[in-house]
Amino acid sequence: MLTHAALAEPDLFVDFAQTAHLGFVHNSPPSPERHMHLFMGSGLAWTDFDRDGVLDLLFCQGSANPTVQPGETPAVDLWRGLSAETGDYHNVSAGSGFNGTGYSNGLSVADYDNDGFADLFVTGFFSAALYRNNGDGTFSDQTASAKIAPTGFGTGCCWTDLDRDGNLDLLYVRYIKIDPKQYPLCTTFYKGREIAMGCGPKRFAGEHDSVYLSKGNGEFHDVTVTSGFGGVTPRHGLGCVAVDLDDDGHVELYVANDGMPNDLWKNIGGMKFEERGMLSGVAVNRFGAAEAGMGIAVGDVDGDLKPELFVTNYFDETNTLYRNEGDLLFLDVTEEFGIAGPSRKRLGFGTNFQDFDNDGWLDLFVANGHVEDHKHLIGITDEPFAQLSQVFTNRKGRRFEDVSRRAGPFFQQPWVARGSAAADFDGDGKVDLAVLRLNDRAALLRNTNQNIGHWLSLELQGTQSNRDAIGATVVIRSGQSAWRRDRMSSASYLSCDSPRLHFGIGGKTKVDSVQVGWPSGESEIFVEVHSDRLTRLVEGTGRKN
Amino acid sequence: MNAESDSLAVIESTLNRRQRLFRKVIWFLSIVLTTFGGFLAGRLFSDWQRADDRTKARILADEGATDAAITALQRHLSHSSDDFAARLELAQLLQRRKPLEALREFRQIPPSAAEFTSAARAVAGLSMTLERDYDAIAPLASLEEKFPNEAGIQQALAEIFFRQREYEKSLEHARRFRTLKPDSVEACLLIAESSDSLGQMEAMIEPLEWALHLDPEIPHAHLNLAFALQSVGRSEEAFPHVRWFVDRYPSSVAGNRILALVERSRDHDDEALAAAQKASELGPANLDCAILVADMLLYHRRYQEAYDKLDKLAVDWPREPRVLTPLLRAAVLCRKSERVQQLQTVLRQIEGKE
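These protein sequences, in sequence, are chains A and B. If you're matching positions, the first sequence starts at 1 in the numbering used here and goes up one per residue. If you're matching positions, the second sequence starts at 546 in the numbering used here and goes up one per residue.
You may find that some hints are simply not true.
Here are the simulated lysine-lysine pairs, DSS-like style, with alpha carbons at most 30 Å apart [stated by the list, open to error]: (1) K714(B) / K191(A); (2) K881(B) / K857(B); (3) K202(A) / K215(A); (4) K726(B) / K272(A); (5) K726(B) / K714(B); (6) K726(B) / K375(A); (7) K881(B) / K306(A); (8) K643(B) / K601(B); (9) K147(A) / K181(A); (10) K191(A) / K601(B); (11) K726(B) / K191(A); (12) K181(A) / K306(A); (13) K375(A) / K643(B); (14) K510(A) / K215(A); (15) K147(A) / K215(A); (16) K202(A) / K726(B); (17) K272(A) / K306(A); (18) K272(A) / K215(A); (19) K181(A) / K215(A); (20) K510(A) / K272(A); (21) K396(A) / K375(A); (22) K147(A) / K191(A); (23) K147(A) / K177(A); (24) K714(B) / K691(B).
These aren't lab readings, by the way, just hints derived from the structure by calculation.
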């Protein structure tokens, strides 16, 4: 929670992109016919691809061409961080092996081949690519050899170890069933004029998401049908996360669906999954209505060491907070946490739970922006295309307070924001944000809050588990206080947060213990972990719990 | 002698013929004059009678003999259907006694007639009185074209479209109404109500605040403003308005319900639950209040209490999604798996999907 003293600070965030020479500009100009995929936008990811200790940025790039070219691969921009202190970024895409020109949507970063270097999977509009990090600053497209089929309108994706064999598997989410050769275009008539409008998802059938199981040799096996994912009505998937929501040691998969109930895939073991969204209370809102799910934030908001789920939704809906009641049961507490009102007149995309002032409570960021730029032409003047992004403080796990007005210039100007990703890129112990704006320059929001608590940053390295320890659960304790974070490879809207887990610990200066539940199933306790610094924890070096 | 007599006879005969001819001419002329005179007299009589019906009607109407006046005007119009002034008078006389007949008469006055404006106003007003709003729209639209700056016309259109649930149109006219009459409380309330119906809570706030600035004692403006402010997350500002209302109307179900919502948003959980319970007690048949109480019980992790309350409601509302949805959540949280399955089946049937 941002303290009252903190609120007196003039700016909580400053857009540092220009100073940091971060010049990424997303390319997605609207077509005259308003092809709908051009409005869905893209995600971004923090990673340290060259292992120099400085976080780098990967961006999904769009495309001005609304049609799909044969054999296209998704376009990716790589910006290398040269110095944490100065936050100097350089575009190193050329020569990195990212030669795609197709429209990219989402990405998930993880070391899928356990060689110590971060790889990535990128989804796109009728394209997808698995890029293997060669360890020399270049990437190679392994999609074909990995036997991953780049089909359909790909959106979210996440790496996770579904069978706990130490190899990362892949969830590849699809949005809608669409034939790009017969691209449906929509128009509406207003005062005798025909106006092109992007088609809404309800016009389209959903499409099944795919699950790929790693064979451990660089190849993947499509287990969508055998694992149960093919047995439900296909939906309009966008954001996705993989996290152990019921603390049974197996990750669940949660997919935000646009205009349809969200999916919660319960891992029942033996590579079998059951869809339990409705039963768990996270498919629909408290009124039983399916909302237009876009992005997802995961985090223990109320301090009970169980992760909550937060989904951004459409204009005139609320963004929805599902409180984890245990045993994979959730309750919509949006109203009670004060998020309903501030989110009703926004269309949310990217979202992140992070402790921006290190007081021990997760705060909330939401990137907003509409998918229709033409609403005013049909007489609707209160649904602007560009919208204000929001930052909320967590008031001791009971409710959120919108403090956007005091958060700096970025929050005072409307943008068409899409993906967002959090990281302490400058290593000052304060979590920053990168935001992808549709067809616009990316923002790098440096956390300039001066009045903050102590912190702890952890980098996990699996040995029996996958090397990035994707799926690990970490609980740190200090006196009576305890905090939980989950290592995930996908967050927000089609994006990926820093690989480092950041904990705000308020006034505490000492951590009693760090308990890591590794994806392998092992649990270890680390004791010599200091505050206000980044620490690497390696599986097998802690005390068995 | 004979010749003279013959010639006399011829002269006599000629004279006789002339006389006969003259008599014939006279006879013919008299016939023509009589006919023309009769015609003229008839015409004059007819004109006199006609003028007499209108005059008579006016006199009768002044004397309060409305029925007789109506008859006189109807008689008059049977001969002069294009006397629109008389038709307007007739329609006005019929207005109270036989409003539907009055509407028929008003409608027969065409836009080209000088009396059309009065007729259109009358049709609009009468249609609205008769709750035949759909009949009022066309004359009001004609009047709007002629008098674009007349606030009353915009107000009438806004009210009609609101009643017809065409909220966007209603809002459009209510906004024009307010532009023409900025200090009209009615205009502000109309904008707020239309915005509310369109789910545009934020748009309700400014007009309601202005309405209360103009007249601080409008109870429902306080309540609606509290609801709107709460909906957009401004619950601290909402509180004084709902408090104002509940202090004056402590038995109001809606007042206590909105107080509960505001208190919940202010993080005053106990006060919120108390207000919701009071609203539910005051309005035992009010489903929203009962659901709100159950919802709050769920939030407080009082799952079983919430379940019991909702399960009881479901007896009377077995296919109401607003009841079944929170009941499903309560059943899930109470781990009543059979009930969960049953509720899911019912909800899916209701949804008609999947």
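Hint check results:
no.: 1; hint: K714(B) / K191(A); result: holds, 13 Å
no.: 2; hint: K881(B) / K857(B); result: holds, 15 Å
no.: 3; hint: K202(A) / K215(A); result: violated, 37 Å
no.: 4; hint: K726(B) / K272(A); result: violated, 67 Å
no.: 5; hint: K726(B) / K714(B); result: holds, 18 Å
no.: 6; hint: K726(B) / K375(A); result: holds, 29 Å
no.: 7; hint: K881(B) / K306(A); result: holds, 22 Å
no.: 8; hint: K643(B) / K601(B); result: holds, 21 Å
no.: 9; hint: K147(A) / K181(A); result: holds, 25 Å
no.: 10; hint: K191(A) / K601(B); result: violated, 52 Å
no.: 11; hint: K726(B) / K191(A); result: holds, 27 Å
no.: 12; hint: K181(A) / K306(A); result: violated, 46 Å
no.: 13; hint: K375(A) / K643(B); result: violated, 48 Å
no.: 14; hint: K510(A) / K215(A); result: violated, 42 Å
no.: 15; hint: K147(A) / K215(A); result: holds, 11 Å
no.: 16; hint: K202(A) / K726(B); result: violated, 43 Å
no.: 17; hint: K272(A) / K306(A); result: holds, 24 Å
no.: 18; hint: K272(A) / K215(A); result: holds, 17 Å
no.: 19; hint: K181(A) / K215(A); result: violated, 34 Å
no.: 20; hint: K510(A) / K272(A); result: violated, 42 Å
no.: 21; hint: K396(A) / K375(A); result: violated, 39 Å
no.: 22; hint: K147(A) / K191(A); result: violated, 52 Å
no.: 23; hint: K147(A) / K177(A); result: holds, 22 Å
no.: 24; hint: K714(B) / K691(B); result: holds, 19 Å
Hints 3, 4, 10, 12, 13, 14, 16, 19, 20, 21 and 22 from the list above are not met by this structure, while the remaining hints are.
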